[in-house]
Structures are given as C-alpha cells and as structure tokens.
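K.L.:
Here is how the chains run, residue by residue.
There are 4 protein chains.
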Amino acid sequence: MKKIDILNGGYVILQDYMGSDLSVTNSARVSYNKKKDVLDDKDKGLIDFLAREGHTSPFRHTSLQFEVYVPLYVARQHWKHIIGSGFQDPFVAWNESSRRYITEEPEFYIPNANEWRSKPANSKQGSGENLSELSGGVFTKKLEEHIAEGERLYEEAMEAGVAPEQARLFLPAYSMFVRYYWTGSLQGVAHFLNLRLPEDAQYEIRVLAEAVQELAHEKFPLSLDALLKYN
Amino acid sequence: MKKIDILNGGYVILQDYMGSDLSVTNSARVSYNKKKDVLDDKDKGLIDFLAREGHTSPFRHTSLQFEVYVPLYVARQHWKHIIGSGFQDPFVAWNESSRRYITEEPEFYIPNANEWRSKPANSKQGSGENLSELSGGVFTKKLEEHIAEGERLYEEAMEAGVAPEQARLFLPAYSMFVRYYWTGSLQGVAHFLNLRLPEDAQYEIRVLAEAVQELAHEKFPLSLDALLKYN
Amino acid sequence: MKKIDILNGGYVILQDYMGSDLSVTNSARVSYNKKKDVLDDKDKGLIDFLAREGHTSPFRHTSLQFEVYVPLYVARQHWKHIIGSGFQDPFVAWNESSRRYITEEPEFYIPNANEWRSKPANSKQGSGENLSELSGGVFTKKLEEHIAEGERLYEEAMEAGVAPEQARLFLPAYSMFVRYYWTGSLQGVAHFLNLRLPEDAQYEIRVLAEAVQELAHEKFPLSLDALLKYN
Amino acid sequence: MKKIDILNGGYVILQDYMGSDLSVTNSARVSYNKKKDVLDDKDKGLIDFLAREGHTSPFRHTSLQFEVYVPLYVARQHWKHIIGSGFQDPFVAWNESSRRYITEEPEFYIPNANEWRSKPANSKQGSGENLSELSGGVFTKKLEEHIAEGERLYEEAMEAGVAPEQARLFLPAYSMFVRYYWTGSLQGVAHFLNLRLPEDAQYEIRVLAEAVQELAHEKFPLSLDALLKYN
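So the sequences go chain by chain: A, B, C and D.
Letter by letter, the first sequence follows residues 1 to 231 in the UniProt record's numbering.
Letter by letter, the second sequence follows residues 1 to 231 in the UniProt record's numbering.
Letter by letter, the third sequence follows residues 1 to 231 in the UniProt record's numbering.
Letter by letter, the fourth sequence follows residues 1 to 231 in the UniProt record's numbering.
Among the clues, some could well be false.
[To be verified] For the chain B half of the interface with chain C, some residues (derived, Cβ under 7 Å), not all of them:
#, residue
1, Leu14
2, Trp116
3, Arg117
4, Lys119
5, Phe139
6, Thr140
7, Lys142
8, Leu143
9, His146
10, Leu153
11, Ala157
12, Ala163
13, Arg168
14, Leu169
15, Gln202
[As the list claims (entries may be wrong)] Ranges between beta-carbon positions, derived for each pair:
#, chain 1, residue 1, chain 2, residue 2, range
16, A, Glu107, B, Leu228, 35 to 41 Å
17, C, Glu129, D, Glu218, 53 to 59 Å
18, B, Pro221, C, Lys141, 56 to 62 Å
19, D, His55, B, Val38, 41 to 47 Å
20, D, Asp200, B, Pro221, 29 to 35 Å
Just so you know, these hints were derived from the structure itself, not from any lab.
Just so it is clear, the structure is predicted and the values come from calculations on it, not from any experiment.
Where is the CB? At the ideal position from N, CA and C, for every residue including glycine.
Can you make the complete structure from the sequences, with help from the hints?
P.N.:
Structure follows, in structure tokens:
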C-alpha cells in the first residue's frame, strides 16, 4: 500500500478499494445488459458523458478506504465538509482513534519556521503570504513550549488520577495528530476534492486533498478526471 | 463470479467486494494503531464483541456489489426495506434497468403450478400452505395468457407510435424481471438479511435473501455470522 | 392543507413543514451568533449568496412532508431519482401504502383519449407530440379493458384463496395509484425539482414536480427560487 | 423557545420542530388511508407497536432542530456518535461556528473545583468518583492559567499577522465552546439518547443527552418514550 507523507508527521494511505474505470461503465450499462472485460474507447466517451450529464450513480458502485493521520484541526475540516455537504455517500464509514484508548504517545503538528502564513489580503478562504522565517521561528518555538507545557499538565493530571477525558482538557488539541479511516465511493471522494483542491482552499486541507487525489487517480484515472472536470 | 439462480429465471451475482474479516478487525483497532496480516483467535473474539456491543462502524469499511435480476414486485420489496429502514449505508448505490432503454425482450415471472400459495392463516407476514397443483395450474395458465395479452397490447401501442413510457402501462409490471446493481457495506447487507431471512418473511424475498447470504458469507464468514447472531 | 390534483385522480398535499426563509438565514449565521426575527433585505442577499456559492447546509435545517398519490410508474421515477442521486437528505423518510394491507379499492391511471403521446423525435428524454384523439381513444379503451380483466383475475385469485402477494401479479401495476409520504429538506426538494421541472423531463413526473414546487414555494419563496436559480 | 443551561456556560435550545405523536400515527396509517385529527387510545397502542416491532419509518416523518453550545470535546463526541452510528438520518444537517469568522470572544469550559472526576475503577465507559475539592481546585486553577496563556499567545500571533487558522493552534481547543445546529428526525434523536443517556456514558455527553431528552419529550411524549423503551 502506498503511503504519502504530509504535514510534518502525518500521512495518507489507500488501504483498500473496490472497482475500476471499467466497473463504472459496466454499472452504467445495466439498462442495456452489456458487460465488457476490457475498457475501450467507447467506455472513455461514456465516462465523460456520465460525469458531464450528472448521471453519477455508476460512480458510486466503487469504494475507497483511506487511512489518514493529520492534526485534529485538519480532520475537523475534513469531516465538516463531509457532514455539511449534504452528500450521502462519502461517509460510509469514519473510524477515529480516541484519546481514551490510545496508549501510544500523542504527537503534535508544529509548523516549521518557514511555514507560518499571514492572513490573506481579502476575505476569500485561501492563504496569505508566508511570514519571514525569523518571525515564524519565534512562533514555532512558542508553540513548542506551549504544547510541552500542556503535555506536562496532562501527565500531571493523569498521575493525580484525573479521568482521561478531563485530563485531556490540558492537551493542545488542534495540533494533535489523530488517525482515522475514511471510506467513501469515488463520487464522494471527487466531491471532497472539488471543494478542497482549489487554490483558495486552506493550505493544510489542500495538502490532504492532493494526496487523496494522487492515490485515487492511480485506481480510477479516467473516472476521477471526468468527475473533477465537470464537478 | 458465482451466480445463484432463483425464482424461475432470476439470479444474484456478487459482482465485486472490498474487505474481509481481517479488514474489519484492523478497522476496529484504529484507536490502538495495530494492524495484523493474518486473522487469529483474538480477532474472532473481537468480531463477536463488536457485533454484540453494537460497535458496528468497522463493519462499514467493507463493500459488496450485487447484480440482482428479480420480478419487479420483489425488487420493490427490496428497496422499500432499504429506503424504509432509516439505515444509512445500504444504498451506497442502486442502478436499475429502465424500460425506456432496454432493447432486450421483457421476461416475466410466472409461478409454476405447484408454487401458488394460499393466504397465511394468521396476519403474520409469512406465507400459507401451497394450493393444490391442479388449482395452481389454472392460475399459471391464466397468468401466462394475461401476460401474453399485455405484451401484445404493448407491442401494438409501440407500433402505433405511442411513447414507450405510456405503452408500458399495458405491461404486467409486477411480474416483469428487472435488473439492478446494489452496493452496500456488510452491515447494510446484514441489516437486510436480519429482516428478510426469518420464516415469516414473504417467500420470494426470503429466496433473494438466502442467495445474498450465501454469497456474502463466502467473503466475510465470521463477520456476517456475528452480525446475524446479534442483529 | 392545500391539495393539488394531478394526473386524473392523483394529488399532492403539503402535510407539514418546518422552517422558513428566515430560519435558513439564521442557520447560516451560526458562525456569527446573530439571530433575527424578521427577514430583511440583507437576508435576501444572503440567501442568494448561499445558493450561488453552494453553501447549502443552512437549507437543510428545514423539512417538508408531502403526501403523494400517483400511478406506480410515476412513484418509481420519483424514488429512482431519490435513491439514484447520491444526495443524502431527500429521503429522510418514505412510507408507502402496501397492497397487502389496503382494504380500499385499487384505482388506476388511464390517460384520456387526448393524452396519449408519441415517441419523441430524438433520444432526449422529453415527450413527443400527442397522438390524434381518435387514435388515443382506441388505446384508452383497450387499457380500460385490459385493466378490468386484470382486476377480474385478481379477484378470482383472491377468492380462490391465493395469497395477496401472488394474486397481485394479475394487477396492472404500472397504472395503479399508490400513496406515500415523502419527507425531505428544502435542498432535497430543490434537487428533485432541478432535475424534473425541465421541458425534457417526462410529462407525468414534470406534473408532479410542478405541484411540489407550488406547495414548497408558498413556504420558502426566496430560498426555493435561489436554489432553483443556481442548481 | 426553551433553553436549558448545561456545563458551566453551555446550553441547548429546541429551535424548531415538525410533527407530533399524532403525525407519527397518521404516517403509519398510509397503507390504510386513514387520518385522525386527535390522538386516541388506539394511537397510543399503535405507537408502542411501531417502536416494539421496529417499524420505525413513521418516526422519521418528524424533524427537530436544536441549537447546541458545548465545549468542543463534547461536540466531537456528539458528532462521532452521529457519523459513526451508520444511522442515516440524524444528520440532516449540522452547522457549526467557525473560528475563522467568529468575532465574539472565545469562551472556555473549566470544571469547578468539585467537578473533577477520577478514572473509573473498571474499563466500562462511565465516570469515576469525584476528586477532593482541594485537589480539584488545583486543577481548576492550573487549567485557567494554561487557557489564559494560550489565549494570550493566540492574540499575540493574531497581532503579528499570523493567519487565524494557524494562530488557533495556540487555543486550548478541547475546552473551547462551539455553537452548532443539529437537525434530525425523532428516530435519530432517540438513537442518540439510547446510547448516551445510560449511566455508563461519559458525564458531559450524558448532560447534553438529558437536556435533549427533556426538550424532545415535550413535543413527542409518547413516541419518544416508546423509542427509548424498545431501543
């Protein structure tokens, strides 16, 4: 399984999948009762036609399961898209690690000195210019220290017998890496990509989207391109 | 791909699938960040535990695509279950052949002389005793004739230039075979089976359910048994 | 409750609803923590903005429950849209009458002599010219007779003790009126309308869509217009 | 609109709703084509029957919209239930305030000195005994200070021009109050309550569940009781 590293310690893996460009076209032909074993030029046209005309149900007889490891605030953006989009299928399933049961050490996302961005000039959602590395370096250090302090307080509370769900109030949650499985159909994946690949999407979620795109494209090259073309 | 014949001319095929008993347990362990390559005895216990306690999301990181060919009135019972159950996932997708585009000859379901059932004695949903073969034979013949007459009228209307969607008003729709793809997770499939396998379910839908069970069980033996045990 | 009659014996009723144009804008402002009691001009702009930019979740904090009574083949087109669209919300619920429990007499849809249409000239999905009333009258009569014969055979089978679910194989199912409740959000309703209001939609489903539009528009005039404008 | 205060600064409001115990029974009777205007004793029996036998679709022709204001870690438990339950309808819609657009001051959840709990004795999910008030007071103070420091660093980063989505890495996210709208059917609401009302659920989510129960019960007393009885 291919693993793409993102965001200073995170990653995306395509854990499993079902279907292919060919299974999309075979699903589309149920009305004609014709199945093919090899994708041909007519199928390419058919895939384009289905995406263009919005006949999307054939794209949902597919399934992709991703394992994602990103900071909590990126995970939240991801699921807010899913739950907020009104689109049925992307969340066939979502399984997320829980602070209650995890025994591994928590890991945190800390931007490097050259990765701090300024506020965008206008209110569009994208990102602004980077801060100077000097200025960024100061915040990297401050964040490291604040997170270390939070971890120390978390440990202190745990040792004093505080219930884990209260102790974690001390943890710097936004930057904490969480791991989850996300299973959706190709249409669900494309729906997410159409919203999060554009330039004006926030940087971190765009990085996640690009990794998802690369992994999905290897398995459904024509179908994914068509769905992104006519979103 | 294995094909199970049912209902005098219909069938069920498991067209494709994603996952296994092992992928269920690996999904369940996301909180512990442990993946295994081979299913062991602990996994068996874990599958049983997940189903018993209703921790069902790991069962939804799976996908099964069936091709189904049954009379319309059975298809309708199938989708009414799906749409009526309030359960999210079984209809990742449903693609059905349309009378408008099909060029193949319509086929019809006609019970054999020994397959006509009487009304059940009480109001529970199951089926009653069979009619005598003599009595059944009469209805088989009458249905054949009525369907033939409907087909004749349909053809007559089509030849007179009537739009296909109006011409089909003459077709004996309930007994007409329709073909559809149904994609759902293992939990969605089990949800359907839990309602349609029992003795008191209508005969035709039970026959469909048994074929679905046989096909799904080959791929997810432990998980399906556990989901059916604790429904 | 307003009732709109359609299709020679069918109807649509808006049974109940939740929300208003104002509740849409109040839902949209959750990030700003501002609620208004009266809709003003800024709200009109906001509704337009939300629909245009695809920020549709505020439109889903609404609910409309319709009672629909149409021939089975129209009902099937309706739910195929719903189940096939991959759109999450329109099927909050769907309850349909069942032949098994209904004690009322079945009613059937029979086009009038001047309502039979010819096949459309090209393969686009709309409808063709009407047949001559003379020619149509012939099919109206033939359909009446064929339906009457089917009903007679159904009664005969019922009297002979055949189980209702098998007896109905004799019923002319496509033209039989069915009654169902359909509950969805305004976005779900608009999604259906965007596909079924256009000229090239099949006549019967367009008639249903127009009635749904009229009823929904009375309760959500600005929001529905905006959703239809930017579909 | 009734507002129930919970968790030191949070609240739940029933913003709007559609339906009643009567509309549930009327939806159930669609097969019989009978509507009533007043709920009678037979209806009470019918509601009990529907819940007991799992005929739940009539309960989904209802809708409740809640406004919820709770700490982020409680909100996350809430939506994890929703997204993880595989149950279709509870998330008709979810709208949540975003740190990006809010201009109001952030508010934080800090347990009082007498509200800190110890780890439960066994691994069941409930909560343990409370810490001594003396010991709890220490953690209340430490959390106040750590949150104040995080806020200070957040402000500092904002003033230095850091993009808000990065600046919030300094905020103590778990304890930060978030506001969201949650719209679901009565069945969806009951599904949540069945899992989160029991003694062994975590304290904070149980408090939220109890407020939701009180508000929903006022509008659907018989239906909610029946759904909770036979969960």
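K.L.:
Minimum Cβ distance from Ala157(B) to chain C below 7 Å?
P.N.:
holds, 6 Å
K.L.:
Evaluate the given range 29 to 35 Å for the C-beta pair formed by Asp200(D) and Pro221(B).
P.N.:
Check passed, 32 Å falls within 29 to 35 Å.
K.L.:
Leu14(B) was flagged as interface toward chain C. Is the shortest Cβ-Cβ separation under 7 Å?
P.N.:
Check failed: Cβ of Leu14(B) comes no nearer than 21 Å to chain C, outside 7 Å.
K.L.:
Under 7 Å is the threshold here; is the Cβ of Leu153(B) close enough to any Cβ of chain C for the hint to stand?
P.N.:
Where the cut-off is 7 Å and the nearest Cβ of chain C is about 6 Å from Leu153(B), the hint holds.
K.L.:
So, as I understand it, the hint says His146(B) touches chain C; can you test that by seeing if any CB pair is closer than 7 Å?
P.N.:
holds, 6 Å
K.L.:
Against the range 35 to 41 Å, how does the distance between the Cβ atoms of Glu107(A) and Leu228(B) compare: consistent or not?
P.N.:
Given range 35 to 41 Å: holds, Cβ gap about 40 Å.
K.L.:
Per the CB criterion, is Lys142(B) less than 7 Å away from chain C?
P.N.:
holds, 6 Å
K.L.:
Is the interface hint for Phe139(B) satisfied, with its Cβ closer than 7 Å to some Cβ of chain C?
P.N.:
Since chain C brings a Cβ to about 6 Å from Phe139(B), closer than 7 Å, the hint holds.
K.L.:
Can you verify the interface hint for Arg117(B): is its Cβ closer than 7 Å to any Cβ in chain C?
P.N.:
holds, 5 Å
K.L.:
Against chain C, is Trp116(B) within 7 Å by beta-carbon distance?
P.N.:
holds, 6 Å
K.L.:
Taking the closest Cβ pair, is Ala163(B) under 7 Å from chain C?
P.N.:
Because about 5 Å separates Ala163(B) from the closest Cβ in chain C, which is inside the 7 Å limit, the hint holds.
K.L.:
Is the distance from the Cβ of His55(D) to the Cβ of Val38(B) consistent with 41 to 47 Å?
P.N.:
holds, 43 Å
Hint violations for this structure: numbers 1, 6, all remaining hints satisfied.
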